[in-house]
Amino acid sequence: MDTLFQQIINGLSIGSVYALIAVGYSLVYSILLFSNFAHGGFLVIGGYICYYILVMAHANIWVASAGALAGAGVSAVLVERFAYRPIRERTHVTLYMLIASMGMSIVIENLFVVTVGGRYKALPEVIPMTPVSVFGFATTSAFDILSLVTAVVFLVALQLFLSKTKWGLAIRAASYNLRVTGLMGVNVNRLIAIVFFVAGMLAAVGGIFLSARYTLFPQLGGITTKAFVAAVIGGLGSLPGAVVGSLILGLAEMLTTGFLSSQFRDLIVFFLLIATLIVRPSGLFGRSVGEKV
Amino acid sequence: MTDTPMEEKRPLLSVRNLSVSYGAIQALKGASLDVYPGEIVAVIGANGAGKSTMMNAIMGDVKRGGGEISLDGKLLPARSFQVVSAGISLSPEGRKVFAPLTVMENLEIGAFPLKDKGEIKEQTRRVFNLFPRLEERRDQYAGTLSGGEQQMLAIGRALMARPRVLLLDEPSLGLAPIIITEIFKELAAINKTLGMTILIVEQNARKALLLSDRAYVLQTGVITIEGNSRDLLGDREIINAYLGGSEN
Chain Z
22 MDTLFQQIIN
32 GLSIGSVYAL
42 IAVGYSLVYS
52 ILLFSNFAHG
62 GFLVIGGYIC
72 YYILVMAHAN
82 IWVASAGALA
92 GAGVSAVLVE
102 RFAYRPIRER
112 THVTLYMLIA
122 SMGMSIVIEN
132 LFVVTVGGRY
142 KALPEVIPMT
152 PVSVFGFATT
162 SAFDILSLVT
172 AVVFLVALQL
182 FLSKTKWGLA
192 IRAASYNLRV
202 TGLMGVNVNR
212 LIAIVFFVAG
222 MLAAVGGIFL
232 SARYTLFPQL
242 GGITTKAFVA
252 AVIGGLGSLP
262 GAVVGSLILG
272 LAEMLTTGFL
282 SSQFRDLIVF
292 FLLIATLIVR
302 PSGLFGRSVG
312 EKV
Chain C
2 MTDTPMEEKR
12 PLLSVRNLSV
22 SYGAIQALKG
32 ASLDVYPGEI
42 VAVIGANGAG
52 KSTMMNAIMG
62 DVKRGGGEIS
72 LDGKLLPARS
82 FQVVSAGISL
92 SPEGRKVFAP
102 LTVMENLEIG
112 AFPLKDKGEI
122 KEQTRRVFNL
132 FPRLEERRDQ
142 YAGTLSGGEQ
152 QMLAIGRALM
162 ARPRVLLLDE
172 PSLGLAPIII
182 TEIFKELAAI
192 NKTLGMTILI
202 VEQNARKALL
212 LSDRAYVLQT
222 GVITIEGNSR
232 DLLGDREIIN
242 AYLGGSEN
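Here the protein sequences line up with chains Z and C, keeping their order. Throughout the first sequence, residue numbering follows our numbering, covering 22 to 314 in sequence. Throughout the second sequence, residue numbering follows our numbering, covering 2 to 249 in sequence.
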């Protein structure tokens with residue numbers, strides 16, 4: 022019983038971090054209809070900015086996080102501006118942007134390999150890891166609770182932004198039809214920049230928690246594969262879908278680790294992906310579209 | 002709506018020698034037209050004549066090849082959002098309402114260029130006065146509306162930005178004749194009560210000619226005939242080519 026509760030909390034905790042990444046991924050997909058494989062790069066950029074502000078400026082985690090979020094957000098906007106927009110303005114074929122995003126992913130990863138090296142870096146212990154008892158049922162670490170709470174705060178903030186603001190409304194309209202949104206007097210390029218900034222920021226939050234949980238290295242962005250799987254399970258382009266898919270994935274991973282073996286952890290991820298694609302290709306909340314990548 | 006010659010005034014919207022190409026295909030080959038303040042002008046023509054291309058080029062939604070477009074003597078900017086801010090709104094072909102958003106949200110997004118909250122409220126009021134059905138359904142998702150209601154919403158949404166010229170692309174498309182009559186009655190009312198200048202492209206030539214003051218015939222990318230709508234309704238060439246026996 023203890024293990025079950027503990028693994029559920031761990032699952033929700035890691036799932037909520039996936040959700041931060043998957044939501045940004047899905048947000049970009051819903052507007053531009055391509056999977057941005059450079060998304061993992063934003064997460065790594067956020068992680069490194071946080072690391073270096075902590076280590077070199079000896080700043081506290083709040084300053085470091087703010088810097089990481091802003092830096093990753095700006096990087097995402099720049100990637101869109103210089104890698105995707107030129108393609109977007111020439112063709113409606115989204116496959117080219119997909120390929121460009123794979124290229125950008127390789128570029129970002131190797132920029133870090135060349136400049137800071139490929140070694141694993143441990144974030145200074147800025148997020149408390151002390152054990153915490155949850156209602157006397159189970160013990161978990163403060164870190165898990167913190168990452169869960171942080172993820173929920175950011176997801177709620179995103180939801181408020183989308184539902185209560187003028188640009189949020191424009192983004193919801195654009196996820197239905199970008200072209201017509203432009204005809205309504207919305208500056209589409211600015212809208213896309215805002216979407217990328219938000220996606221980059223959310224990825225950075227995920228990046229900070231992932232590099233604190235594991236370690237920081239240029240290939241850490243590869244974990245986006247799991248967020249991608251989560252987004253597909255939930256239905257690509259659907260934000261509630263991305264959150265639900267991520268929580269399902271986190272729970273599945275942690276329950277597998279707790280009751281079977283941690284070696285099956287990645288197996289269950291891809292099993293869920295394949296099962297989704299066979300049983301319900303549009304995902305839990307997705308609209309049906311032909312292409313899924 | 003008046004019989005005084007419009008040509009003496011300065012056109013509000015002026016399209017000069019507009020050409021547009023899609024790759025090797027030239028959809029518009031130097032088309033020109035003028036719309037004077039307070040007028041309803043119709044562009045009629047067959048499928049593929051370039052009617053929608055003309056609208057989309059004015060809106061900056063497709064790239065203009067050559068020629069120039071001006072609003073009130075000023076050259077029109079290149080990008081859609083700037084065109085809307087300059088004072089031209091489009092109710093697009095096929096309505097294209099935002100199905101997962103409510104009627105109210107559709108109108109709000111139409112008012113995107115407006116900054117003043119009071120102004121938005123006032124404009125919403127006007128649209129609801131024109132289309133009371135939209136007010137009844139304000140919290141309903143646009144996707145659940147009937148075709149006619151969606152068309153009303155598309156027109157209302159275009160009016161939200163307080164345009165100086167309203168463009169309508171095939172407002173009769175896919176609607177039952179009785180609904181088309183209702184929509185066209187509303188368009189006449191919008192022209193009269195709001196003094197709205199309207200440029201409409203339609204395949205339903207009879208309806209368009211009955212509604213408009215003047216009309217242009219677009220044929221494979223060029224304007225071939227222009228004149229007063231009343232005259233064109235009696236023109237043998239027009240009757241044979243565009244009105245042949247059709248009652249709607």
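Treat the hints as calculated values from the structure; they're not laboratory data. Since the structure is predicted, the reported quantities are computational estimates derived from the model, not experimental observations. It is possible that part of the hints are untrue.
Okay, derived cross-link-like pairs now, EDC-like style, lysine to aspartate or glutamate, Cα gap no bigger than 20 Å in a straight line [said to hold, decoys possible]: (1) LYS10/C - ASP35/C; (2) LYS122/C - GLU106/C; (3) LYS187/Z - ASP117/C; (4) LYS187/Z - GLU106/C; (5) LYS187/Z - GLU94/C; (6) LYS185/Z - ASP117/C; (7) LYS185/Z - GLU106/C; (8) LYS64/C - GLU110/Z; (9) LYS185/Z - ASP140/C; (10) LYS30/C - GLU187/C; (11) LYS187/Z - GLU238/C; (12) LYS185/Z - GLU120/C; (13) LYS64/C - GLU94/C; (14) LYS187/Z - GLU227/C.
Verification of the supplied hints:
{"no.": "1", "hint": "LYS10/C - ASP35/C", "verdict": "holds, 11 Å"}
{"no.": "2", "hint": "LYS122/C - GLU106/C", "verdict": "holds, 13 Å"}
{"no.": "3", "hint": "LYS187/Z - ASP117/C", "verdict": "holds, 13 Å"}
{"no.": "4", "hint": "LYS187/Z - GLU106/C", "verdict": "holds, 10 Å"}
{"no.": "5", "hint": "LYS187/Z - GLU94/C", "verdict": "violated, 25 Å"}
{"no.": "6", "hint": "LYS185/Z - ASP117/C", "verdict": "holds, 17 Å"}
{"no.": "7", "hint": "LYS185/Z - GLU106/C", "verdict": "holds, 11 Å"}
{"no.": "8", "hint": "LYS64/C - GLU110/Z", "verdict": "holds, 11 Å"}
{"no.": "9", "hint": "LYS185/Z - ASP140/C", "verdict": "holds, 15 Å"}
{"no.": "10", "hint": "LYS30/C - GLU187/C", "verdict": "violated, 33 Å"}
{"no.": "11", "hint": "LYS187/Z - GLU238/C", "verdict": "violated, 50 Å"}
{"no.": "12", "hint": "LYS185/Z - GLU120/C", "verdict": "holds, 19 Å"}
{"no.": "13", "hint": "LYS64/C - GLU94/C", "verdict": "holds, 18 Å"}
{"no.": "14", "hint": "LYS187/Z - GLU227/C", "verdict": "violated, 43 Å"}
Checked against the numbered hints above, the structure breaks hints 5, 10, 11 and 14 and satisfies the rest.
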